[in-house]
Each structure stands twice: as structure tokens, then as C-alpha cells.
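Asks: Given chain A, work out where chain B should sit, using these hints.
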Amino acid sequence: MEPLIAVNCSTSECTSLSPTAPIWQDVLAQAITGELLAAMNYTSLSEICDDPDEVADALEHAQIERGHAARFAAEGHKIGVEASNNVDGKHWKRLREAFQGCITERDFIGCLIVQEIMLESFAVASYARVGRVAPGSLGQTFARIAAEEEEHVDHAMAILRAERALDTQRFDDKVHRLHLDVMTTLAKMLAKECKDGHCEVCHGNCVKPSLFEVSLSAAQLRGASLQQYLKTLDMLGIPGEVTLGWVAQLPV
Amino acid sequence: MGGSVAGVVERESIGEAPVEQVDFALIGHQESWRAAADVLAVLRGPEHARLPDDEIKDILPWIPPRVVCHVEVGSILNRKIVRAKARGLYIDSFIPPDCLGAGYVHENIARVRAAAACAIKAGAKIVSLGGFSSILIEGNFDQLPEQYDTVFTTGNTLTVGFIVQGIKKMCALEGRDLSRSTLLIVGATGDVGSGCARCLAPLVKRMLLSARNVDRLRRLIAELESDGVQAEIATDVLGPTFPRNDPQRFSAEADLVICAASLASPSLLLDRIAPDAIICDAGYPKNLSPSAHVPGVKVFFGGLGQVTGGLTFAPDFHGILNRHPFPDVVHGCLLEGMALALDRRFEPFSQGRGFITPERVAEMETIAARHGIYLAPLYNAEGPLALTTSTSTRRISATLHA
Numbered sequence: 001m002e003p004l005i006a007v008n009c010s011t012s013e014c015t016s017l018s019p020t021a022p023i024w025q026d027v028l029a030q031a032i033t034g035e036l037l038a039a040m041n042y043t044s045l046s047e048i049c050d051d052p053d054e055v056a057d058a059l060e061h062a063q064i065e066r067g068h069a070a071r072f073a074a075e076g077h078k079i080g081v082e083a084s085n086n087v088d089g090k091h092w093k094r095l096r097e098a099f100q101g102c103i104t105e106r107d108f109i110g111c112l113i114v115q116e117i118m119l120e121s122f123a124v125a126s127y128a129r130v131g132r133v134a135p136g137s138l139g140q141t142f143a144r145i146a147a148e149e150e151e152h153v154d155h156a157m158a159i160l161r162a163e164r165a166l167d168t169q170r171f172d173d174k175v176h177r178l179h180l181d182v183m184t185t186l187a188k189m190l191a192k193e194c195k196d197g198h199c200e201v202c203h204g205n206c207v208k209p210s211l212f213e214v215s216l217s218a219a220q221l222r223g224a225s226l227q228q229y230l231k232t233l234d235m236l237g238i239p240g241e242v243t244l245g246w247v248a249q250l251p252v
Numbered sequence: 001m002g003g004s005v006a007g008v009v010e011r012e013s014i015g016e017a018p019v020e021q022v023d024f025a026l027i028g029h030q031e032s033w034r035a036a037a038d039v040l041a042v043l044r045g046p047e048h049a050r051l052p053d054d055e056i057k058d059i060l061p062w063i064p065p066r067v068v069c070h071v072e073v074g075s076i077l078n079r080k081i082v083r084a085k086a087r088g089l090y091i092d093s094f095i096p097p098d099c100l101g102a103g104y105v106h107e108n109i110a111r112v113r114a115a116a117a118c119a120i121k122a123g124a125k126i127v128s129l130g131g132f133s134s135i136l137i138e139g140n141f142d143q144l145p146e147q148y149d150t151v152f153t154t155g156n157t158l159t160v161g162f163i164v165q166g167i168k169k170m171c172a173l174e175g176r177d178l179s180r181s182t183l184l185i186v187g188a189t190g191d192v193g194s195g196c197a198r199c200l201a202p203l204v205k206r207m208l209l210s211a212r213n214v215d216r217l218r219r220l221i222a223e224l225e226s227d228g229v230q231a232e233i234a235t236d237v238l239g240p241t242f243p244r245n246d247p248q249r250f251s252a253e254a255d256l257v258i259c260a261a262s263l264a265s266p267s268l269l270l271d272r273i274a275p276d277a278i279i280c281d282a283g284y285p286k287n288l289s290p291s292a293h294v295p296g297v298k299v300f301f302g303g304l305g306q307v308t309g310g311l312t313f314a315p316d317f318h319g320i321l322n323r324h325p326f327p328d329v330v331h332g333c334l335l336e337g338m339a340l341a342l343d344r345r346f347e348p349f350s351q352g353r354g355f356i357t358p359e360r361v362a363e364m365e366t367i368a369a370r371h372g373i374y375l376a377p378l379y380n381a382e383g384p385l386a387l388t389t390s391t392s393t394r395r396i397s398a399t400l401h402a
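Which chain is which? The protein sequence lines are A and B, in order.
In this text, residue positions in the first sequence follow this note's numbering: the first is 1, and each later residue adds one.
In this text, residue positions in the second sequence follow this note's numbering: the first is 1, and each later residue adds one.
If you're looking for bench data, these hints aren't it; they were derived computationally from the structure.
This list has only true hints and no planted wrong ones.
FRET-style restraints, in silico, Cβ to Cβ: (1) B/Arg344 x A/Gln100: 49 to 59 Å; (2) B/His106 x A/Gly237: 26 to 36 Å; (3) A/Asp51 x B/Gly101: 48 to 58 Å; (4) A/Glu97 x B/Gln21: 35 to 45 Å; (5) B/Gly352 x A/Val242: 31 to 41 Å; (6) B/Asp271 x A/Glu151: 56 to 66 Å; (7) B/Gly352 x A/Asp196: 50 to 60 Å; (8) B/Gly101 x A/Val55: 46 to 56 Å; (9) B/Arg34 x A/Asp173: 27 to 37 Å.
Just a sample of chain A residues kept apart from chain B, beta carbon distances all over 12 Å, derived: (10) His91; (11) Thr104; (12) Glu148; (13) His152; (14) Glu163; (15) His176; (16) Pro209.
Glycine included, each C-beta is placed from N, C-alpha and C at the ideal position.
Looking at chain B on its own, in the form it has when it is part of the complex:
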């Protein structure tokens, strides 16, 4: 496993003026070894053979966080006159895909700090913390290097916005009345989960919350109730016959499910929910196990947006860094920084945990939409979702999980 990768940037280096304008930086990591292999294949170029899997697993953990490519995002605003653009960088923290568990938290925080230092050194005005980067730092922005003129956002507000939009769209496609639904949120105490709870509670009939820490869950319920939001702890979590904090057993009444847990790997089985449930998997990595077998349910991947004003990478990582069946689809957590950059609002829009409200989500959605960033077309591991309702047994495949 890689040794110390927290390359602390020397102060004199930070003081050097960057060569080019950098509006935003995106800090991320690969969610699978397959994705990591594809990134390395692009870096090696067509003239070099792909590295074998064992070599990739030996080499990747040693790579210090660094810029992988330049990113340019276009806006639909004023496109007939001058196409507004924002220029940025994608910085990979090179967290190994199988090292997202609790045992690696200190090293991974060091990696995110080092990646943040790269962003600061490059002069990025705003930085989006993608995937586990935000989970690691969420609520702990003091763990980031001294920030100079760079602001950081977890991107969770826009992520919540796209999750909620996705739920509404799927319900409309499936002819489901949201107001009659029982919504289950897995990972409810996280920033995204609790944000979804605040946004959807007024729209659904009943809301069940699940998380590993029941005490934190109780505090969340109390907080929500003080804001006039009704929610319940998913009873199976508390059931005397089940192990405490067992996220695998939920209510058979839940016909809408949002998976927003910070799981180190796709491991959620969801063996007890409504037979025709709609499931939004918004995890990175995905929450749902590829071997989950839930007859009759409809799964879609949530929290994703699509850039309609143009998105380019240099070197060309199209389809590699954004591995989706539609063009220019990006995770909401990264899009938030890009949208704010296009809007010239260099502010830490999403920070900490528990501050995402429907009003903040609406504001962020407005900013994104102004520049042509919308909810991405819906898809799951098997590809784009059919627009007609299907009641056939569906096995969640590992096609897009690999």
C-alpha cells in the first residue's frame, strides 16, 4: 500500500502565479479497478499495451494526488454571442478503489488534502469534492490546507437536487403518485441523505430513515421534526430479532428508496422492500450490490446531471472519467463547482452536514439550469431506462459496476 502521499505543497510554490486561468477544480477518485485501468490506458496511450490488473493494483496506490486532465465546460448562456466557458482541472486523489473503508480514513484524508493542495497551487477559484472526497472532508473543512483564495464545495446540494428530480421523474414515468408513497432513505444521516429527507418529506406520504448509527438517526429525526418534517426510523433497524444497525432489513412498505449511504463498495442487498419499488442508487461507489436480486423493482442511478453547453477534456478522457451511456453526464457533486464557476459565484455553496434545504436546492438548480446543466437521462447498470413500465423480474447486473 502506498506510503505517505500527503505531498505538502511548499509555500513558495503556492505563491507562484499559475500559468493559465483555472476557474474550477474537480477532486475525485475511481470507483472501480476497471475505471482505474481505463484511466491508466488513456495515460499510456494507444502505443503502449494496457497494464495487467495486478500491475495496476501495485502501481496506483503509489501515485501522489495530481492533475489528470484539463476540463472545459460551456454554458448555454449567450451562446449566440459569446459562448461562456469555465476552465478547470480534474485532480485524482488516487484512492485505491478497494481502500474506501474505515481502516483507510487517515490515509485517504491525507490524499484529499494533497489533492486540495494541487488545486490551490493551480489557482483554482472553486473546488468540487467528488465521491468519497466530500464524505471524508464533510464537516471537516479545517482538514484542508490553508486555502488562500480557493473555496471548496462538497457539491451535495446539486446532488440532492438531481436525486429529487430523478425520483419525481421516475414516479411520473411509472405513473406513481408521490404523495401516496413510502420513501425509505438509506444513509439518511449523511449530508445527501438528510438533504433528500428535507426536500421529499413534504411530498411523500411517509418517510423512513435508515443509517448505521441509530443515535445519530434519532437526533436527525428530532431535528427534522423541529423543522416540521415528519419521519420515522425504519423499524427493521430497531427490530429486536435483527442485529442493530443492520441496513439489510427494511420495511416492506417502502415503495421508493434512495440509497445515499457512504459504502466502501456496492454491497447493499435490499432484501425487504415493496415488490414494485423504485430505487435511486446515488452512491459513489454504488450502494447496490451487483448480485442483488429484487424482482419487479426499477433501479436508476441518481444524482447525475448533463451538461448541454459542451464539455471537453484534454487529454481526451471522454467516456473514461464520465462513464455513462449518455454524453456529457457528470456527477452532481462535481457539476456544482462547474455551475458555480460558470455563474462566477466562487463561494463554498455546500459545506458541512445538515444544511441542505429545499430553498438551497432550488437556488442551486436555478444556477445550474441557467447554464444548461440539467438532470441527466435516467439509466441503470443495464443501460438507459425504457420509458414504458416493466414488471418483469430484473436482475441488477454488474455491467456498469465493473
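Here chain A stands alone, though its shape is the one from the complex:
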């Protein structure tokens, strides 16, 4: 596993969360890993951009995502846990490989689809759910970062809509190809049980069976993520009956 991010925290605020702290620790570990992966993705994206403004934008995004990771880590400290991360964990590694595939092909649009449509939908939805139930500043941080992630999408949406307008069928086929790779992986991550073995991010046993203790569930997180994903695809203009079929065919 990669070392913990260095975070400057003057004091740790330990709340009375001892019984559920390990659960939050794993929730934070997934969030931190996701943010670090996003930072890596945006950094890679900056290396294939031709437009200097897009390069600067991608690098700025990368920095923002690293900032998110640091904020999550700080929240872990406040509740007395060291939340780890593992971008080489089974599912996150696969997601990174999917993105790298687009980088290799210098497919800027593909990169946006993977990161802004698919991964960000998952982040926005799941952080928002956590933000509703997590106590104190932990919940507030998740809610704030969910809102910040949602703001990222607007710029990418404009680019993607314009791209779709050039050749609708080609664009939709591209989204579907990436969906089959990325969303299948996300669906496995979000399944109620980890049927493919340990995710390699949770610090002990799988956290999913324990989520109910903090008023969460894998089913909720999955449902919210898929809902956000479908709405985002709607905003792109891809027919609802088409995307419905895509999502209905995901593994459970």
C-alpha cells in the first residue's frame, strides 16, 4: 500500500466515534484512494492536452483532487484513525488502467468520459450519501466535497455535448465501450458483496456488511451512483432507453 499522505494537522479531534471509527476509516480509505486516482488521471490528462488552457485546467483539477484527499485524511485524524489508500487495489487499479488506455490513444474525449462522467458520478453520489449520515465535520466535509465535485462536471459536459453533436452514433458507441469496462468495474466495487475477493483497500474484513451501523449500505451507495450516472448521461443527450439497457446489464 502507498504511504499515508502527509497532512499538517496541529491537533487531532477525537470524537466519541470509537465503535464506528473503523467503519469510517474504510470509507475514508476508499474516498482518499479515489481522489488520489483522480489526481493521477488529471495529471496524465495534462500530458496529452494540446490546448495550454486545458493543460492548466487539468493540472489545477489534479491539485484540487489531492486537496480533497488531504481533507479526507484530516477527517480521519479527527476521529482517531489513519485512513490508508491503495491506488493499486484490485478495482482502482482496473479503473486506472481503463483511463490509461485512453491516455495511450491520446483520446481526450475518452478521458473526460471516464473521469468526469463515470468516476465523478460515483464520487458525487456516494459522497453525498455519506455526507448525510456521517457525524460532525466528517459529514460536512463529504457533503462539501460532493458539491465541489459536481461543479467540475459543467465544463466537461459542454465539451462532451459539442463532441456528441459532431457524430452522435460514434460518440454513443464510444461511451458504451468505456461503460462496459469502467462501469462494470464500478458495479463490482459497489456490489452488495465483494464476490471477487478483498478489494485491497479496506484495512480488515470487507466494510460492506458493517455499513448499516453508520446508516449506510452498499445497495444505497450503488443505487445513488447509478442514478447519478444515468442523470449525467441524460444531460449528455444519450437516449434514456439506451442507457437504461446499459445499466440494467451491469453485474450485481
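Replies: Leaving out everything else, chain B in the frame of chain A:
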């Protein structure tokens, strides 16, 4: 339970020109988890295993309202020359089948609004609000999104037409004289129930009305009487020994019953009606409980029509979205929009509550019949109805309720 599903369509999206002509849209929802599972099975395709029930219940509530399939309906008009057709969409609001109760009304209205937004965005000229969609919006069309060129209809007029036709047909099959019958309408204050009352009151000997809200029932009786229609409140509803608004106790004199209540699930037991009563269950979901045991009665499902000019779905949802033992049978509320589309009458024919009259029903029936849309063959939970009278004890099974 799904969070906010009211996906508000952006104005710029609504302004985009739709790719294909969409004459009509049908907004509906599944009445059972079994039906929902079948829809998802079609969407998953034969190469994917059916989802387990627990997964379906976890996933479905999160699906935002959206188009499920394209629908094409044919007309018998001019079929030898050019077959008239209307093209449309079926939009499911994905209201969970067990979330139709009062506690979910706000969320469900949001779902119907989102489904309506899909229809508007697709450029549908007319939209039929099926099942609970119309009940939720009935009388509250201002709850729908800004409508541009799209009109909405609850479809209740044609539904009433088919209910009344069904009652007449069953009476004829059973050798029952309608003019000697006592008709009980359960859910009488609803748009469909009150429409049935106006249409059948002149034809029956006596009419009893039942509803949960007795005050509203009294107002309906007064309104009907001012139009020259005689009706009574089903006395058992008011009986001092019974709980008020108890719809389970009716008159033992009722030998014709129309169930048109907006019940969240099939729960009506009908434990006190005439022993040889004819019962029309026109609910969606059905009103009658699968465990209802009423010896000697004849039950049929009402409000259904059949398209004889051809009906196709893409993807192919035949037998899934229309789960009936006869081909091309569809609920009247949805057929109304389709008939109006075939007739190129894009108008909000059925709106609000309390405006269905025999004249309006006749007009709508004429439009439907012109295009080959007629009363569907009669059937119930056990299948097509036998044409001969049966006096054997009949248990209402859950076969077609599941």
C-alpha cells in the same frame, strides 16, 4: 429508497429538436414486483441471468424516469390504402410497486413530473398518464412541467367507456337485466368512479356509492342529484356499528360492483355483496385482494381495450408491458392518448376530476372505434372468462396478480 429522482430537464435540452416524430407518450409504472422483474429481464437480455428479487428491489427505486421503449400503434382506417400509424414512447416513472401509498405521494409526483419532462423533451404531442400517474396528477395539471406543445390526458374517459361496456357485456353474457340491478361503485369520488356513476345511473335500478371520504361522497351525491342522477351512499359505510369509511362492508343488495378505488395494493375483500354479483375490478394495481373469497361471484378486469390495427414495441416488450391473455390489450388510460394520436386530435381530452359525462364517453369511444380500438375480451386472474354462466364457488387466485 431512491433519493431525488425529479431530473429537471434543462431548458436548452427541451429546445432541441427531437430526432424522430413522436406522436404520443405513455407514462406508466409497474403494478407488481413480478412485472418489474420481467421488464428488467427484457432490458438485460437473454445473455444475462434474471436479477434476484432482492437486487431488483434495491435497484429499481433508484432508476430515474425514462423512456423504456418505442411503441407503434396502427389504425384500421384506410388500411387497404395507407395504414395509418402513430409512433410513440413508453416512459416508466419507476415508482416502486410497494410505494404507492400516501406516504410516498410527494416523491411519486416528482417522478411523474420527471417522466412528463421526458415526454416533453421527446416532443410528444400528447401524453397519456397511466395508472397512479393520473391519480397523482388528476386535478393538478399545474404540477406538470411547463408543457410547450405537449398536451396531457389522464385517459379516464376511455377507461370509463370500457368499464361501462364491460359491465353491459357481462350482464348480457350472464343474462342479467341491468335495469333491475343494484350497482355499487367503490372509489366513487374518483374521476373514473364518478364517471361510471354518471354513465350507469340511468341504466340501473339503484346505485350505491362508496369512498373513503364520506364528506366528498356527500358532495358527489348532491352534484349527481343536481344533474338528475339518483345515487345513495352505501349504507354500511355510515353504519354506527362499523368504523367510518370502512370500505370492506357493503350492501348485500349490490349485485353489480365496480372497483375503481386508488388503492396502493390489491387489498379489497368485499365480504358483503350479493352472492351472485358481477364484479368489475378496474384498479391499477387491482383493487381485489388475491385472498378474497366470494362464493358465486363473477369477476372480470375492467377498463381494458384491444388494438386491432397492430401494436409493436421496440425493444420487444410484448406480453411484458401488456400482461394480458389476449394480444394487444392495453389499459384504457393509455389507449386514450393513442386513439387521439391516431385521430390527430392532440388535445387534453380528460383532465381534472368530475368532467366525464356519457356524451364525452361516447365521443371518445367513437374516436377509438374509428381506429379499431375496442373493448378487450373479458378475463380475470384465472384467465379468459367462460362464455357460459358458472355458479360454482370461485376463489380469486393470484395468478395474474403476481
